[in-house]
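Residue numbers (the UniProt record's numbering), protein chains in the order written: chain A, 1 to 262; chain B, 1 to 396.
Since the hints were derived computationally from the structure, they do not count as laboratory data.
Predicted model only: the values in this text are computed from it and were never measured.
Below are the EDC-like pairs computed for lysine to aspartate or glutamate, each with C-alpha atoms no more than 20 Å apart in a straight line:
(1) B/Lys-333 to A/Glu-254
(2) B/Lys-331 to A/Asp-181
(3) B/Lys-229 to A/Glu-254
(4) A/Lys-260 to B/Glu-235
(5) A/Lys-160 to B/Glu-273
(6) B/Lys-135 to A/Glu-169
(7) A/Lys-257 to B/Glu-299
(8) A/Lys-160 to B/Asp-78
(9) A/Lys-180 to B/Glu-273
(10) B/Lys-229 to A/Asp-124
(11) B/Lys-264 to A/Asp-179
(12) B/Lys-270 to A/Asp-179
(13) A/Lys-225 to B/Glu-195
(14) A/Lys-225 to B/Glu-217
(15) B/Lys-259 to A/Glu-148
(16) B/Lys-270 to A/Asp-181
(17) B/Lys-190 to A/Asp-124
(18) A/Lys-171 to B/Glu-52
(19) B/Lys-333 to A/Glu-239
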Amino acid sequence: MKIIVCIKQVPATMKVEVDAESGTLKRIGQNAKTNPYDLYAIEAALRIREQVGGSVTALTMGPQQTEEMMRDAYMMGVDEAVVMSDPKFAGSDVLATSFTLFQGIRLLGGADLIICGKQTTDGDTAQIGPAIAEHMGIPHVAWVSNIERVTTDLISVIQKTGSFIQESEMKFPCLITVDKDIFVPRLPSYRLGLATANKNIRFISFKDLSDKNMTRYGLIGSPTKVEKMFQPESSDGQEYINGTSIEKADSIFELLKNQKII
Amino acid sequence: MNFIHFDVNKCILCRECIEKCPFNALCMGKNGIEVNDACRMCSVCVKVCSAEAISFEQKAGVVDKSEWNGILVYIEQDHGDIHPVAFELIGEAHRLAAIVGFDVYAVIVGADGTENNAEKLIAYGVKKVFVYEHKGFYGFKADCYTDAVSDCIAMLKPSVVLIGATSVGRSLSPRLSTRFHTGLTADCTKLLMSENTDLIQIRPAFGGNIMAQILVEDSRPQFATVRYKVMERAEKIENPVGEVVRCNVTDYLAQSRIKVCGIKSIHRKKMIEEEEILVVAGRGVKDEKGLNLVKGLAENLGGQLCFTRPMIESGLGDTAHQIGLSGRTVKPKLIITCGVSGAIQFSSCMNGSECIIAINNDPNSQIFNIAHYCIVDNLYEIVPRLLERIQTQKEA
Numbered sequence: 001m002k003i004i005v006c007i008k009q010v011p012a013t014m015k016v017e018v019d020a021e022s023g024t025l026k027r028i029g030q031n032a033k034t035n036p037y038d039l040y041a042i043e044a045a046l047r048i049r050e051q052v053g054g055s056v057t058a059l060t061m062g063p064q065q066t067e068e069m070m071r072d073a074y075m076m077g078v079d080e081a082v083v084m085s086d087p088k089f090a091g092s093d094v095l096a097t098s099f100t101l102f103q104g105i106r107l108l109g110g111a112d113l114i115i116c117g118k119q120t121t122d123g124d125t126a127q128i129g130p131a132i133a134e135h136m137g138i139p140h141v142a143w144v145s146n147i148e149r150v151t152t153d154l155i156s157v158i159q160k161t162g163s164f165i166q167e168s169e170m171k172f173p174c175l176i177t178v179d180k181d182i183f184v185p186r187l188p189s190y191r192l193g194l195a196t197a198n199k200n201i202r203f204i205s206f207k208d209l210s211d212k213n214m215t216r217y218g219l220i221g222s223p224t225k226v227e228k229m230f231q232p233e234s235s236d237g238q239e240y241i242n243g244t245s246i247e248k249a250d251s252i253f254e255l256l257k258n259q260k261i262i
Numbered sequence: 001m002n003f004i005h006f007d008v009n010k011c012i013l014c015r016e017c018i019e020k021c022p023f024n025a026l027c028m029g030k031n032g033i034e035v036n037d038a039c040r041m042c043s044v045c046v047k048v049c050s051a052e053a054i055s056f057e058q059k060a061g062v063v064d065k066s067e068w069n070g071i072l073v074y075i076e077q078d079h080g081d082i083h084p085v086a087f088e089l090i091g092e093a094h095r096l097a098a099i100v101g102f103d104v105y106a107v108i109v110g111a112d113g114t115e116n117n118a119e120k121l122i123a124y125g126v127k128k129v130f131v132y133e134h135k136g137f138y139g140f141k142a143d144c145y146t147d148a149v150s151d152c153i154a155m156l157k158p159s160v161v162l163i164g165a166t167s168v169g170r171s172l173s174p175r176l177s178t179r180f181h182t183g184l185t186a187d188c189t190k191l192l193m194s195e196n197t198d199l200i201q202i203r204p205a206f207g208g209n210i211m212a213q214i215l216v217e218d219s220r221p222q223f224a225t226v227r228y229k230v231m232e233r234a235e236k237i238e239n240p241v242g243e244v245v246r247c248n249v250t251d252y253l254a255q256s257r258i259k260v261c262g263i264k265s266i267h268r269k270k271m272i273e274e275e276e277i278l279v280v281a282g283r284g285v286k287d288e289k290g291l292n293l294v295k296g297l298a299e300n301l302g303g304q305l306c307f308t309r310p311m312i313e314s315g316l317g318d319t320a321h322q323i324g325l326s327g328r329t330v331k332p333k334l335i336i337t338c339g340v341s342g343a344i345q346f347s348s349c350m351n352g353s354e355c356i357i358a359i360n361n362d363p364n365s366q367i368f369n370i371a372h373y374c375i376v377d378n379l380y381e382i383v384p385r386l387l388e389r390i391q392t393q394k395e396a
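The shape of chain A in the complex, shown without the other chains (with noise of 0.2 Å):
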């Protein structure tokens, strides 16, 4: 049984602000740590493997520094840790960034089991597990909030669509993106991190990829473009309602139709 988790790592505070001439982003700090969903991933991936067998790979794309939260999946008790790292990745969108992942899982020699956390802290899009899937013409199951079975051939898993929750089964190879709270994820040992502490960490470039059409990576191969960014408009305001009692409640009643929660 062969599991890849894709994890991320994300700025530790999102804390952001627009440089309001520019209209680009200041990042306050450097600070960067792995992206708290993905950390479910990892457990869920380690549980499996203590179940059924095999050997679970993170794989992750993003700059070299990305080295220091592969120690830590080291440390939590992966088998192996791959760094997708290239310049020419750089500007990826959801597009670009499933496909380069698509084929670094490829020249990993593709998975029974991929898993992703359900989100990105930072993007917040929970689009690259299911757009990973699509790449690999494999199904997947998004926002999985419990495991019901797992053998080496198929997992059962729990889904909550709209007002029910749904149980699906699939047969490897298949994708899985679990929510939070689907176990808890362990802190990293220490004693792994002693053992682990000479472990290779594998690079992958542009170059040692089977696909070099450069079209499909980075910033030409995203077909979304940022066109600006912009600190929200704050609605710190406090408001008196004032009037006769009817006057304000009606003023209530509009305030929450406008809201739409009537």
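Given chain A's structure and the hints, the job is docking chain B onto it.
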């Protein structure tokens, strides 16, 4: 359009795809299998090919935008019922369509009863509703739902596809946008239409700390997901002229590698931390009559009634619904406090709420320091009138 790609080295010329193609779009040419204009990207050939020689490819590069017209809305069904976000998407689609003279279309996929639901959409001014009904679409299966909607997109060639940002919609949309090699913007909070049919998509990023404005300039269709309760719901129109189009669904199109083992409804009552709307009763609620008033307000708004500590101590409320340091911390979208003074032990556990409406007859109450909307009045005057207005609205 050049979506289907044949790998001549892998193809074993078994003709299986030609026979199974529901649209007679494949034929044997000089250099192997060829695709003609009848292709609707239904993916049946990709599924039946035992040699894995067929894949979807769309050439990168600039598309001719004039070939892609109209707005297609994906209609999600929540196990038999139309998900209400669909009506909001239709409303938004009409608004955007009017700017560039587009028509609004809808696509609906599901098992028994899907066509009945499709009929209901005509009243909202949808020109055509494309129906993919088949027992194989029971439950939600990302792979074959993608095949069905792709079939519709390839036939219609819409400029924009709008999908609800529900758990189902956000699972389906990335597969669709990937298949068409185009852009998808998640959770748009605002959409604008340019004269050249580029959709200006605005969405929050970095946990809502920043807004990003996104364009898809060189490819079509433009996919966007929008959350429930963000856009204006469509109104019914007089004398609607739309039609329901039942699309051909072969067993292959409805075939999935996901097996639905069971579907259960969720009947667990939400904890107050999970609620989006809360009404709080404080000491100003003095009796059974007052309690019934605020309870009625909570129920009519689809939320739950909570209490401050003194209310628990006097036996009017239960601890599972207590907000405060000795109770629970909440962060709903809307919280209406009735007769709550707003001591720090209480307010520190709810001041992260998105919208706080406070009703209290004492103008010096601390609650007015944190409320977004302040109503200095007697709750016994305000709440009955508010309830009356809400109930009249619901009946209309």
